[in-house]
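J.: Here is what each chain is made of, one letter per residue.
Number of protein chains: 2
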Amino acid sequence: MRLRPLVRVCLSTALIPTFKVEDYIVVVIDILRATTSFCVALDKGVTEIRPVPSLRACRRLAREGYLTAAERGAQKVPGFDFGNSPFDFLEADLQGKKLAFTTTNGTRALWAVRKAKKIVAGAFVNMSVLLTWLRAQEEPVLLVCSGWKDHVNLEDTLFAGAIATELEGDFRVNDDATLIAMSLYQMAEHRKKYYLEHSAHFERLVELGMQRDVKYSLRRDLHPVLPYYKDGVLIDLLRVQA
Amino acid sequence: MRLRPLVRVCLSTALIPTFKVEDYIVVVIDILRATTSFCVALDKGVTEIRPVPSLRACRRLAREGYLTAAERGAQKVPGFDFGNSPFDFLEADLQGKKLAFTTTNGTRALWAVRKAKKIVAGAFVNMSVLLTWLRAQEEPVLLVCSGWKDHVNLEDTLFAGAIATELEGDFRVNDDATLIAMSLYQMAEHRKKYYLEHSAHFERLVELGMQRDVKYSLRRDLHPVLPYYKDGVLIDLLRVQA
Numbered sequence: 179m180r181l182r183p184l185v186r187v188c189l190s191t192a193l194i195p196t197f198k199v200e201d202y203i204v205v206v207i208d209i210l211r212a213t214t215s216f217c218v219a220l221d222k223g224v225t226e227i228r229p230v231p232s233l234r235a236c237r238r239l240a241r242e243g244y245l246t247a248a249e250r251g252a253q254k255v256p257g258f259d260f261g262n263s264p265f266d267f268l269e270a271d272l273q274g275k276k277l278a279f280t281t282t283n284g285t286r287a288l289w290a291v292r293k294a295k296k297i298v299a300g301a302f303v304n305m306s307v308l309l310t311w312l313r314a315q316e317e318p319v320l321l322v323c324s325g326w327k328d329h330v331n332l333e334d335t336l337f338a339g340a341i342a343t344e345l346e347g348d349f350r351v352n353d354d355a356t357l358i359a360m361s362l363y364q365m366a367e368h369r370k371k372y373y374l375e376h377s378a379h380f381e382r383l384v385e386l387g388m389q390r391d392v393k394y395s396l397r398r399d400l401h402p403v404l405p406y407y408k409d410g411v412l413i414d415l416l417r418v419q420a
Numbered sequence: 179m180r181l182r183p184l185v186r187v188c189l190s191t192a193l194i195p196t197f198k199v200e201d202y203i204v205v206v207i208d209i210l211r212a213t214t215s216f217c218v219a220l221d222k223g224v225t226e227i228r229p230v231p232s233l234r235a236c237r238r239l240a241r242e243g244y245l246t247a248a249e250r251g252a253q254k255v256p257g258f259d260f261g262n263s264p265f266d267f268l269e270a271d272l273q274g275k276k277l278a279f280t281t282t283n284g285t286r287a288l289w290a291v292r293k294a295k296k297i298v299a300g301a302f303v304n305m306s307v308l309l310t311w312l313r314a315q316e317e318p319v320l321l322v323c324s325g326w327k328d329h330v331n332l333e334d335t336l337f338a339g340a341i342a343t344e345l346e347g348d349f350r351v352n353d354d355a356t357l358i359a360m361s362l363y364q365m366a367e368h369r370k371k372y373y374l375e376h377s378a379h380f381e382r383l384v385e386l387g388m389q390r391d392v393k394y395s396l397r398r399d400l401h402p403v404l405p406y407y408k409d410g411v412l413i414d415l416l417r418v419q420a
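Sequence order for the protein chains is A and B. With my numbering applied, the first sequence covers 179 to 420. With my numbering applied, the second sequence covers 179 to 420.
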């Protein structure tokens with residue numbers, strides 16, 4: 179009998195060095211809001227998203243014809259086309275465009291896992307597509323929560339717990355961080371909104387008037403895309419393979 | 179009105195650099211088994227425990243008259259007086275003795291937080307003494323889970339969640355890692371044994387025949403001591419102040 183592959187959770191970007199990412203397919207998670215917005219932008223027709231670490235790199239790509247999205251401290255940075263609200267992309271004409279993207283947490287996580295076997299981005303809005311693809315790979319999976327400035331956060335942990343719970347059966351679980359995320363999700367499943375309303379990052383977003391972003395980011399399967407990271411860009415793997 | 183001090187949870191030694199430990203009273207937690215055994219040894223009359231990083235340092239102190247405890251990979255190291263099982267100390271004559279102690283996780287955590295305002299060790303076996311002392315300090319508290327080789331573990335997270343839950347009211351909670359630990363504890367409170375039986379480290383200990391250590395480590399208030407770390411040694415603060 180073939181041994182089922184492992185599914186594990188990394189609760190913060192600061193913990194990435196404690197994993198051998200080369201052994202895993204990595205799912206980068208930044209529910210509020212980078213990975214949610216990646217899915218929206220790709221579903222709206224963006225051909226590639228180039229995550230970059232700095233505002234300067236983002237500006238340089240603007241001169242090469244990229245649209246630009248820039249967020250710092252949960253706010254859109256003036257002078258760029260978009261922030262990282264999903265609604266920025268829902269309401270824009272993006273067909274055939276390329277997008278340069280810099281955010282506080284999500285783009286750092288992508289860089290930190292660059293040596294993984296394969297890298298995809300996950301969010302509630304592409305959850306079913308992600309699960310189908312992970313099951314088909316039959317490889318160990320590491321779910322990497324971006325967190326907030328190196329700290330563990332609730333929304334990414336809940337999503338990682340949801341994915342691990344769905345995968346259990348086809349995958350093995352053998353570590354405590356994964357058990358903790360799964361327990362949290364199973365407890366919160368019917369109270370997700372309650373939990374998130376107690377999250378620290380949620381409070382920051384609400385103070386900034388972004389409740390509708392949160393509500394949108396918790397809806398499932400709105401965008402059937404699979405952001406796949408290779409050679410410095412995210413593309414929709416489903417469209418490439420179609 | 180005076181603002182209540184914060185209580186926070188650090189889920190792994192690998193996350194310690196993401197906190198400014200200078201701002202906190204730190205509680206080091208290594209339930210299975212270092213901080214549990216510190217409490218036993220101090221309660222049995224040890225005058226000081228000197229945690230050291232290496233077996234060599236432990237041997238050198240033996241020549242200076244210290245008793246020695248050495249654990250690696252959950253096993254007692256041959257040639258030393260004790261491992262880190264609480265029963266090693268329960269069954270020994272320790273009155274007036276000094277003890278050098280080296281373990282896989284717990285002693286590393288003590289070193290990593292050495293710049294904190296004050297440092298104490300916590301376990302279920304000294305829980306009430308710890309809570310009383312923390313409330314009296316009126317300072318921010320950081321609960322540091324030693325974990326297992328940099329990975330988050332269940333038993334330390336549960337204990338941190340228990341302490342944060344008990345302190346809430348007198349203290350403020352404003353971050354997600356703390357909420358996660360508290361949720362886990364509140365869910366597990368009546369199923370602590372069930373939870374721990376699913377923990378990875380528990381499985382390791384059971385494979386090594388150490389179920390009674392686990393059972394002992396989960397009992398509350400057996401040892402009314404407060405291991406206090408200063409100038410490289412742990413002493414019982416209650417005895418010093420008495």
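Quick caveat, the hints were computed from the structure, so don't treat them as lab data. Be careful, since some hints might not be right.
Because identical chains share one entry, a pair is satisfied inside a single copy or across any pair of copies.
Using 25 Å as the maximum straight-line C-alpha spacing, the simulated PhoX-like pairs for lysine-lysine come out as follows [as the list claims (entries may be wrong)]:
no.: 1; residue 1: K327; residue 2: K254
no.: 2; residue 1: K295; residue 2: K408
no.: 3; residue 1: K296; residue 2: K222
J.: Decide, hint by hint, whether the structure agrees.
T.: Right, here's what the structure says about each hint:
1. For the homomeric pair K327 and K254, the shortest alpha-carbon distance inside one copy (17 Å) is at most 25 Å, but the shortest distance between copies (39 Å) is not.
2. Only within a single protomer do K295 and K408 lie at most 25 Å apart by alpha-carbon distance; the minimum there is 10 Å, versus 46 Å between protomers.
3. For a Cα distance limit of 25 Å, the shortest separation of K296 from K222 inside one copy, 24 Å, qualifies, whereas the shortest one across copies, 54 Å, does not.
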